[in-house]
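Q: Please build the complex by placing chain B on the supplied structure of chain A, with the hints as guidance.
As given, the protein sequences belong to chains A and B, one line each in that order. Taking our numbering, I'd label the letters of the first sequence as residues 1 to 500. Taking our numbering, I'd label the letters of the second sequence as residues 1 to 253.
What the hints contain is simulated information worked out from the structure, not anything from laboratory work. Do not take every clue at face value.
Calculated cross-link-like contacts (lysine-lysine; reagent style DSBU-like; alpha-carbon spacing at most 30 Å) [as the list claims (entries may be wrong)]: (1) Lys163/A - Lys173/A; (2) Lys236/B - Lys173/A; (3) Lys173/A - Lys18/A; (4) Lys18/A - Lys108/A; (5) Lys196/A - Lys173/A; (6) Lys196/A - Lys133/B; (7) Lys427/A - Lys453/A; (8) Lys329/A - Lys377/A; (9) Lys377/A - Lys407/A; (10) Lys427/A - Lys442/A; (11) Lys329/A - Lys133/B; (12) Lys18/A - Lys236/B; (13) Lys442/A - Lys5/A; (14) Lys428/A - Lys377/A; (15) Lys236/B - Lys163/A; (16) Lys196/A - Lys236/B; (17) Lys329/A - Lys18/A; (18) Lys442/A - Lys407/A.
Calculated from the model, a selection of chain A residues having no Cβ within reach of chain B, i.e. all distances over 10 Å [said to hold, decoys possible]: (19) Pro177; (20) Ala304; (21) Pro449; (22) Arg458.
Note that the structure is a prediction, hence the values are computed from the model and not measured. Where is the CB? At the ideal position from N, CA and C, for every residue including glycine.
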Amino acid sequence: MAEIKTAQFQSASGAAIKDPILRRALTQVGGGFSEARLDAIDEVGEDVWESWREEARRIKIHALDNLDYYLELLHDRVTQAGGHVHFARDATQANEIVSRIANSRGVKIATKSKSMVSEELDLNKTLEANGVEVYETDLGEYIIQLAEETPSHLVAPALHKTKEQVSELFHEKLGVPLTDDIEEMARVARVTLRDKFLQADLGISGANFLVAETGTLVIITNEGNGRLCTSAPRIHIGITGMEKVIPSLQDLAVFLRLLPRSATGQRLTSYVSMVTGPRRSEDEDGPEEFHLVLVDNGRSRLLADPDLRESLYCIRCGACLNICPVYGKIGGHAYGWVYPGPIGAIVSPTLVGLGQAKDLPQASSLCGACREVCPIKINIPRMLLHLRHKLAESPDESERAASTAEKIAANGYAWLMSNQTMLTAAKKVGRLAQTPFVSDGKVSRAPLPLVSKWTAARDLPALPKRTFREIWEQELEGQGEQQRAARNRDNDIGQDGNQA
Amino acid sequence: MTNQVETSLGIPRDEFLAHVRRSLGRGPDVLQPDVSNPVLQETLAQMESRAEEARRRLEAERESLVDRFAETAQLRNWNLFWTGSSEHAVSYIVEVAQAHSGGQVARSDQSALTDLPLDDALESLGIRSVLVKRGDERTQDSLRQQIVESGVGVTGADFAVAETGSVVVLPRQGLSRLVSLVPPVHVAVVRPQDVVGSLDDVFLFRRLEYHGNGGDMGSYVNFITGPSRTADIEMKLVVGVHGPREVHLVLLG
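Chain A with its partners taken away, still in its complex shape (with noise of 0.2 Å):
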C-alpha cells in the first residue's frame, strides 16, 4: 500500500502553505476548473443540472445498497463475455494477483493508464520488484513517475510543478534539450511512450465505472492513453475498488453527462472507452486477456458504518478539491496519503485507520462547498462531523483528537458561556489581563500554553474595550421605543441628539 504519512499532516500543510510554487498552482487549478465547472451548468440550466445530479445519487444509493448482488453479476456478465474477475481484500493481495498475471506470462512491459486505485495500491513499486518495467502514460502521471512523486490532486496529478521544472526533469531523465515550451514537452512524452504502448505485453487501466448489466469497465480520458493501454497489449487488466459498479448500461448516461462537467467543465472528454471482456475471434486485433481486479482494501468499513457509506458514492471528479479553502491553501500532498481534500479526509482516516488520520476531519472550516458542488450530492461535512464525534469519543485513547488540557478548556469555556455572571467577570479580568499583549487590536503573540498554539499561525482579536451587551446597555436601550414615540409626533423636530 502507499506510504501513509497522514499523521504529520501539521507539518506538512505548515511548510505547503508556505510554497509560493505551489500557491500559484492551486490558484490556477481551482479557478480554472470551477469556473469551467460553472459554464458548464450555465449551459444546461441549473434545473437540469439538479435533476442528473438527483438522479446519480439515486443509482448511487441502489447501487451500494445492494453491492453483493452489483458484484456478483459483475463477476457473471465479464466471465461470460470471457474475462477473468479476481478479488482482492487488500493491498497486498491486489498486488499479487496482478503480479501474477505478469509474471505467468512472461510479461516485460506494462503500460498503464491513469488509475488512483493502482497509486493507493502503490502496484508499480511490486510490478518493479518482480521484473515489469512499468510507464505510466498520462502526461501528469508520467511526470510524477519520473519525478518519484505522488499525484498531488485526483485529476491532475502534477498542478504542483511548474513547466520550468517539468523542462527540467525531462532534461535530467529522458536527455532533451531543455525547454519553456510545454507543446513541445508534451511531444517528448508522445514520442517516448509511443514505443513503449507498441512493446508493452501488458496494459493496466483503473475504471470510472462498471456496469454490471454487461461487464463493461468504462474508462474517461483526454489523451488517448487510456484507449491505447486497452488495445495495443496483448493482455489488459483493470483494477479498481469494488464500488465502482453502477447496475445498467442505461445508468451510465447521467454519470457521463456530470463527471466531465464537474471535473474540467468539459462538455465530454475526448474519449470514453468501453470494454467488455478481450477480443473477440472476429476481431481485427484487442487484447487477448482481459483481467478485472476488484479491489475492497478497507472499503467494505466504510460500507458497513451507515454514516460514512455516502463516502463510496464519490466519482473522483475533483469538484470538492478545486472549492476547498483548505485544499487551495495546502494542496494535494499534505494530506498525507492518495486521496486529497474533503472527499479524502472522509475516505483515508477509515482506510488507513483513525488513529492515523485523526487530523483530517479537522481540516475543514466546514463551509459546506464541497457538498454544494458534488455531482452526487454527497454531504462531506456531514461525515467530517461524524468523524470528529468519533475521535472525540473513541475508548481508544490514541485515536482522540484532543489533548486533556484541549478537552478541560473546551468544558470550561462551554460552562463560562452558560453562565452570564462568570462570563461578565472573566471579560473584565481578561480585558486587564490582556493589555501587555495587545497591539492594533489583536493579540499576536499569546503566553497562554493552549492560546499561544493558536496565536502562533493566527492572530486573535483583542476583547474589545465594551462589549456589545455594554453598549447597548449604555447607549443603544430604550432608543427604539423613543423612535416609535417620535414618528408618532407630528413634527420631527426638537428629538434629543442621541442617535449614535
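A: What follows is chain B alone, placed relative to chain A:
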C-alpha cells in the same frame, strides 16, 4: 498462448461477497438478495418496442438532429466538412491525406467508406491506402506496423451523437481499434442515418444488441469527441498527445 489462467486469483468470490454482505448488515442466511431494479427487469420485447419508438423519433427528427450534431461536433473541435456529393467528400479526404499522410493512409473496411471511390483517388496521387481487412495475409503485427506508419486514419461511424458531438465506433470486421487512434490525423465519415440524439439512444441500442444477442455486444464501444488533449502542465491546453491532434468529420447528405 495457452489460457490456463487460474480463473480466479485472490480470495474466492463467495468469500468476498459474503464479507460485503455482512458489511451491508444482511443476515448470514441471505445468499441471494432480492433486488428489484425495474431497468434490469425490462424484457427484450419491452426493450425492442422502446428501440422501435426511438428509431421512429430519430427518423422524424433526422434533419434537425443532423444539424445539431454538426453544430455540437464543431464546438468539440471537429473540422467539419458537410457535403451532399461523394465526389466532394473524396476530394476533401484526399486533400487531408496530401497534407498529412506522409504517403500512407490507413482506412477501415466499413460500409460508409466502401461507397466512396477513395482508394483510387489516393493511389492516383501516389498515396498508399492500407485497408484493414480480415482474411488477408497480414499478421496482426504487420497490420499494426502499417497503421503506425500511416499519417491519416479514415473510419466510418456506428453512431454520431448529437448531444455530445461524438463519433462512436464498435468492433467489426475490417475495423482496427488503432485506425482512429494511432495516426496523428483521424477522418470520420458520418452518414445521416448514423446520427442519434443522445447518449441514452446509444445505450438503449447497445443494450438491445447485448440482450438480443445472447449476452454479447462486442468487445468495445469507443466514443471519440474531438482531438486528443491534455492540460496536465500548468493547466495549459495542448492538443494532440497520444491520440490524433487533428480530427475531421466528413458529414454526408
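Q: Are any of the numbered hints broken by this structure? If so, which, sorted upward?
A: Checked against the structure, the hints that fail are numbers 4, 9, 11, 13, 14 and 20, while the rest are satisfied.
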